[in-house]
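Participant: Could you build the full structure based on these sequences and the hints that come with them?
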Amino acid sequence: MRTITYRDALREAIREEMQRDERVFIMGEDIAGYGGTYAVTKGLFEEFGEKRVRDTPLAEEVIAGTGIGAALGGLRPIIEIMTINFSILAADQIVNSAAKMRYMFGGQPQVPLVIRTPGGGGAQRGAQHSQMLESWYAHIPGLKVVMPATPYDAKGMLKSAVRDPDPVLFIEHELLYNVKGEVPDEGVEYTVPLDRADIKREGKHITIITFSRMLHVTLQAAEDLAKEGIDAEVLDLRSIRPIDIDLIIDSVKKTNRVVIAEEGWKYFGTGQGLAALIYEHAFDYMDAPIQHVNSADVPMPYSKVLERAALPNKNDIVQAAKKIVPPALVGA
Amino acid sequence: MKTIEMPKLGDTMEEGKILRWIKREGDPVKKGEPVAEVETDKVNIEIESFASGTLRKILVPEGASAPIGADIALVGTPDEPLPGTIEGNGNGKATPAASQGRQNSAVNSSTSSPAQNPAGMAVENIPVPQAATTTMTKQAPSTAEQGRVFISPIARRLAEEHSIDYRYIRGTGPNGRIIKMDIEAALAQAAQQVATPVALPIAAEPVPAAIDTGDVVEIPLTSMRRTIAKRLSQSMQVAPHFYVTSVIDTGKLAALRQQINEYAANDPVPVKVSFNDLIIRAVALALVRVPQVNVSFAEDRLLQKKSVHIGMAVALEQGLIVPVLHNVDSRGILDIARESHRLSEAARSGKLRPEDLSGGTFTVSNLGMFDVESFTAVINPPESAILAVGSITPTPAVVDGQVVVRDRMKVTLSSDHRAIDGAIAARFLQEVKRLLEEPLGLLL
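If you read the sequences in order, they're chains F and C.
With my numbering applied, the first sequence corresponds to residues 1 to 332, in that order.
With my numbering applied, the second sequence corresponds to residues 1 to 444, in that order.
No lab work stands behind these hints, which were simulated from the structure alone.
This one's a predicted model, so the numbers in the text were calculated from it and none came from an experiment.
Even glycine gets a Cβ: it sits at the ideal position worked out from N, Cα and C.
Honestly, I wouldn't trust all of these hints.
[To be verified] Distance ranges between label pairs, derived from CB positions:
1) C:Lys306 to F:Phe283: 29 to 37 Å
2) C:Ala185 to F:Gly126: 25 to 33 Å
3) C:Ala185 to F:Thr37: 53 to 61 Å
4) C:Arg301 to F:Pro193: 49 to 57 Å
[Claimed, not checked] Counterexamples of contact, computed for chain F against chain C with all Cβ distances above 10 Å:
5) Val62
6) Thr83
7) Lys159
8) Val179
Facilitator: The structure is reproduced here in structure tokens:
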């Protein structure tokens with residue numbers, strides 16, 4: 001297999017889906033001639049033309065509403081919201097229309113809409129542009145919320161999202177676009193389901209659950225832990241809703257200990273919701289309270305130094321794991 | 001800095017009272033040297049230091065009590081700084097939960113320096129001998145009597161699956177929480193049990209001074225009296241007792257006993273076999289044949305014991321004590337006689353060891369020497385039955401249609417109806433009766 005970037009993997013998925021199905025089109029701010037703020041759609045305008053690769057005004061509610069209308073009308077729109085922070089402007093369309101139409105009209109209309117948008121911080125974008133808001137949307141029945149972390153998963157899940165009959169919020173990360181990974185050759189068909197987590201590293205002492213960019217930080221932390229004899233299992237959620245609770249429970253039954261490492265804030269976030277699910281389903285298998293690794297509970301600082309201090313890092317994960325893995329167990 | 005902990009000195013012990021400190025702060029102590037005298041619910045015992053060094057700090061003053069496993073003193077080098085964050089159970093009646101709470105705040109405020117690292121402390125602690133081992137599979141937990149035990153869910157589940165009484169296991173997790181590996185360690189320990197018992201000399205309990213108030217003499221309760229009161233009223237209130245009585249002809253038994261004693265008098269280690277020894281032997285064999293009686297009621301299940309350990313009630317000046325003959329089913333009569341002799345001597349001279357009092361699965365209470373026809377006994381929890389033995393009396397009996405005089409005794413079995421039904425109790429008594437009336441079976 002070749003190695004390509006997350007950005008290229010996304011572009012390939014969009015291109016292959018547009019080639020496969022003429023109902024698929026993409027629209028968003030500066031995605032056509034400019035090739036997208038993060039260059040994901042570069043070259044697609046030249047290949048597919050302005051009918052299927054469309055620039056929009058700077059009006060997120062309009063983008064989302066148009067996407068919903070097109071989906072209801074039988075098309076397969078992919079809309080790009082420049083960052084998840086701007087999706088707040090489109091939240092009424094996403095939450096009140098996209099997520100509910102199928103339910104409120106007796107299952108007749110479908111909204112096969114894909115909303116692509118990057119979240120997260122770490123690139124000095126300031127407090128308003130560095131947020132992880134996936135838990136807001138994961139709260140809503142009727143939405144699917146996925147956050148692939150590798151090029152392979154990104155391509156496979158974006159293709160699944162385009163083919164899914166329901167609205168999918170596909171959350172990327174600015175710092176993931178240049179991450180490289182193995183992906184089958186262009187044109188080699190594969191998809192990754194939207195409801196399956198993935199064990200990215202097997203281990204027996206502790207399960208570290210993570211997703212999106214934090215997967216890569218967690219894998220490094222697992223290497224550090226291994227040097228100290230702690231064998232960590234790294235579970236990549238990939239999908240926040242639906243959540244693959246079965247795989248999580250299987251892993252917890254094996255390790256009895258959990259760290260949840262995420263970039264978002266702790267309070268009422270993805271990790272806390274997940275922790276409640278784990279306690280609900282696997283209480284009898286827990287040997288220690290779940291540990292959380294999160295961003296500091298502050299708006300993201302602009303200062304580079306403070307931003308680095310606010311974001312969770314490898315050492316935070318190592319410390320959280322060591323807190324609940326008994327030293328005497330290590331090497332056993 | 002090492003800690004001395006309140007050891008568990010018997011099945012029923014929950015806390016111990018420091019009667020006196022034999023060593024003072026600043027005194028040098030050697031490992032194995034007595035440091036304090038402790039009053040448990042049954043006996044007074046000198047406890048030994050688990051480490052050598054200087055007794056740096058006494059955490060529980062004389063007259064105060066501490067729960068099992070609580071730190072009662074610190075031993076270290078003379079100039080080692082005292083860990084400022086560790087507090088003892090100085091107020092005397094601290095519950096485990098309360099001391100956990102204090103540990104907790106200590107953890108939060110402590111820095112990561114090794115001396116103050118609670119995890120480091122735990123590793124240095126010398127585990128209390130026989131804590132986990134002898135309590136395994138024995139007791140239906142009565143958490144009402146005990147403070148809250150911190151245990152992780154998986155550890156609790158494992159403990160319950162293996163019928164381990166986890167209250168006496170030392171937790172090595174954060175805040176002393178019992179975690180999975182503590183249970184696994186206890187299981188491994190239990191698997192290779194045969195643990196070498198700690199020989200702790202048991203000091204005779206002083207008889208408290210009575211107070212004459214004029215019409216009434218007030219006698220303060222000894223801890224033994226308190227334990228009897230607490231446990232037996234609990235037994236009577238919780239376990240629905242029912243009684244089955246049987247009359248046993250002891251003619252052949254007396255003849256056999258005489259024969260055995262003639263033989264045993266010339267044994268290299270001469271011994272005298274009592275009727276009670278023969279009864280204990282018969283009960284042990286009957287328990288093997290009717291194992292449904294050798295059980296404990298554990299709320300949501302019955303724990304059927306594979307070993308037969310028989311307690312024999314011994315009356316002392318200050319109360320009743322029940323030393324236990326272990327593995328009676330695999331002991332011969334002379335062996336039983338020697339062991340019962342040792343136990344009753346030890347009980348009278350206050351020299352019982354903790355393991356002599358632990359692990360009983362059934363009790364025999366014999367008031368035959370006091371010329372009683374019959375009586376009913378209160379079950380000794382967590383056992384489910386007790387046999388009350390009356391005097392052997394010449395009695396008119398009908399044999400082959402003729403009234404003849406025979407030596408007979410009445411035995412009455414008290415059973416816990418939650419665990420044992422009438423038919424089972426009757427079958428068990430039938431076995432006992434058959435073994436005592438045709439006593440060759442006791443030898444075979």
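Participant: Could you run down the list of hints and mark each one as holding or not?
Facilitator: Quick rundown of the hints versus the structure:
1. C:Lys306 to F:Phe283: 29 to 37 Å: holds, 32 Å
2. C:Ala185 to F:Gly126: 25 to 33 Å: For alanine 185 of chain C and glycine 126 of chain F the Cβ distance comes to about 53 Å; the hint is violated.
3. C:Ala185 to F:Thr37: 53 to 61 Å: holds, 57 Å
4. C:Arg301 to F:Pro193: 49 to 57 Å: About 43 Å separates the Cβ atoms of arginine 301 of chain C and proline 193 of chain F, which means 49 to 57 Å is violated.
5. Val62: Per Cβ check, valine 62 of chain F is outside 10 Å of chain C; nearest 51 Å; holds.
6. Thr83: About 39 Å separates threonine 83 of chain F from the closest Cβ of chain C, which puts it past 10 Å; holds.
7. Lys159: Correct as stated: the minimum Cβ-Cβ distance to chain C is 40 Å, above 10 Å.
8. Val179: holds, 35 Å
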